[in-house]
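In order, the protein sequence lines correspond to chains A and B. In this text, residue positions in the first sequence follow my numbering: the first is 180, and each later residue adds one. In this text, residue positions in the second sequence follow my numbering: the first is 491, and each later residue adds one.
Think of the hints as simulated: they come from the structure by calculation, not from any bench. We put the CB at the ideal spot given by N, CA and C, even for glycine. A few of these clues could be false.
[Unchecked claim] A few chain B residues facing chain A, derived, Cβ under 7 angstroms:
no. : residue
1   : L572
2   : A574
3   : R687
4   : H690
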Amino acid sequence: MRPPQFIHSTTFHWALAVAGVLAIFVTTLFGFIYWKTDSYLIARSDRVIAGELNIIAAVPEERRLYSVEQHLKEDSRNVQFAGLFDSNGRRVGGNLEQLPPGLRADDSVQSVSVTRMLPTGKESSSVIRAIARRTPSGQVVVIGREVDEAKKISHVVGLALGLGLVPGFCLCLLAGAWLSMRAQERVEEVNQRVQRIIAGDLRERLPHRSVDEPFSKLAIIVNGMLDEMETMITALAGVGNDIAHDLRTPLTRARLALERGRTNATTLEQLQGVVDRSIVGIDQALTIVTALLRLAEIENSRRSAAFGSVALHDMLGEVRDIYEPIAENKNVALRVAATHNLTVRGDRDLLIEAVANLIDNAIKFTPEGGSVDIELLRAEGETIVRVTDTGCGISEQERDAVQRRFYRSDKIRNTPGVGLGLNLVAAIVRLHGFRLAIFPGPGCRVEIICPDAQQLKAIGKAADPAREAYAGMADNSKAAMVTAAKSI
Amino acid sequence: MAKLLLIEDDSETAEEITAELADCGFEVEWAANGIEGLDKARLLRPDAMIVDRLLPGMDGLTVIEALRKDQVRTPVLVLSALGAVDDRVRGLRMGGDDYLTKPFAFVELIARIEALLRRPAESRETTLRAGPLELDLIARTVKRGDREIDLLPREFRLLEYMMQRSDQLLTRAMLLEEVWNYKFVPATNLVDVHMGRLRHKVDGPGDVPLIHNVRGAGFILRTGP
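Full structure from sequences and hints, please.
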């Protein structure tokens, strides 16, 4: 029979370790108690037999044998030993056959080994505590005692140990097994959900109970990741549609023009006109493709490697210089108010592109005589780049829509552009871990909000882990989950 | 008559390009794969090369790398369908002198080939002269005849670039790349607007116009009649 799965889990191993440590500790404790008690009882017994010796030795010689025999008579449990030996070592009385070998008659209690005859007729050999004294007349008095209490104690201790430790140990193991199985159950539950997600149901989320349980914490993190992924995948799916629709328009125009031209053009000039219009249509389609590829490049970018310190003051000045003539052409005032020299961590070229897009939009959608203001501010741990214009603005309802690809508000239907500008800005902002905020009118106010480095770390730059997860999800999901569960 | 080598694997594209270049007065040799291209480059020693990046046999960048290792300094224009910034950077770092993404307009191709063939020699001159214009690179001043022209830094750079390549057609893309350093700036009329201002400053009333707009192509600084 295969050993059950939980045997391999870390939880079980931990339970085993704890049980082992507990066993060692308890055994040591009991051992200590035994040793202390044993010592005490022996000491007490020694005092008693020493006292006995004093009494018997004090008795006059002729009455000594009687005393010894009386003493032994009172011993109901056969634990006492007493002996009288003459100066030659011959037995005079008592229940000792001979002087116990090794016993020194120096008035100190020693452990010696004796053999005696039991009433049953058998011989028994045991270690006893005995004390001996040589009286002035040459007689040797020996008093001894079996230390049977020690045996009794060790018996009790052993029993306690057995009764307590073994069930305790088993209980520990059972608890470990149960916890491990529970964890495995959770893993299986999560795995089921994950399989459903992989199969395509992006809306599934992992279940979690109380917030403090580590498993729940993990579930919450993974859910956050799944939210990100769902957004990305939905966006990606959306792109396919967007591309199809918006590429088809200029390409259709080109095709129609060519078809009609072929049939209807009579002069070379007319045909050249047709061809020119077709080239324009094709170029438009190519612009869209390039812009989309650029967006994809940024969104999938590992350009975090090109991040450095960007001096915003200088950067904004550069963008202002680029757009100044264009604004002037349209009689729109372009002003930069950047009093502090603030820096952020990012890709300088991408940030210029983002700000340039915002300014380009601002100028494009601001009527003549209007103004565009670029400000650089600080607010509660964040650096903000703000672009304000006096144009038509973006209404509350359109605020989310404008960030979608190819969205162009009706208000600006007649201005040139494809509708990818804000999308690009949003992609660049996201790559950096910044935020894009659009405020409703009058006019338009767009802000790029850059949290400070520490805050960025706390947020965990959500985009990246989600991306990593997305890349490896299908293959590693199960393995990762099992590894995670093993360590809980 | 300048000799060009075109290394391009798509025969239709190659035919069109060869025909167009021939019409412009170039002598064109064609190779359809990397290895053949490398051999021909070594053998024919063309004045300039047009190399497609994605080639069978040996890819375009490897061909260029091999030539550079042999100390061959022929200017190379890299053609590629890969248009990402990193691709451009890589193409130029591997030894290419210019990078053009497909599809492209012929005028773009021709202008760039001309620019490669007539690359301004490395000169230690601190003053550029083109027609009546005099540009001091150290002092950052410009004079037309006796008249001082006051230019903004970007306009100065623009004029400097044009004067280094006087009498050559410069496309908007080339100008954007050179003067604005590949910055992906959305304003499509950026070059036009700046050029307009520059022209206003350089070609004053009564002056013979030096900066010309070539319709549908780009700009040119004409020094001669």
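Cross-check of the supplied hints:
1. L572: 10 angstroms, violated
2. A574: At about 5 angstroms, which falls below the 7 angstroms cut-off, the nearest Cβ of chain A leaves the hint on A574 (chain B) intact, so it holds.
3. R687: 5 angstroms, holds
4. H690: Violated - the Cβ of H690 (chain B) stays beyond 7 angstroms from chain A, reaching only about 10 angstroms at its closest.
When held up to the earlier numbered hints, the structure conflicts with 1, 4 and fits the remainder.
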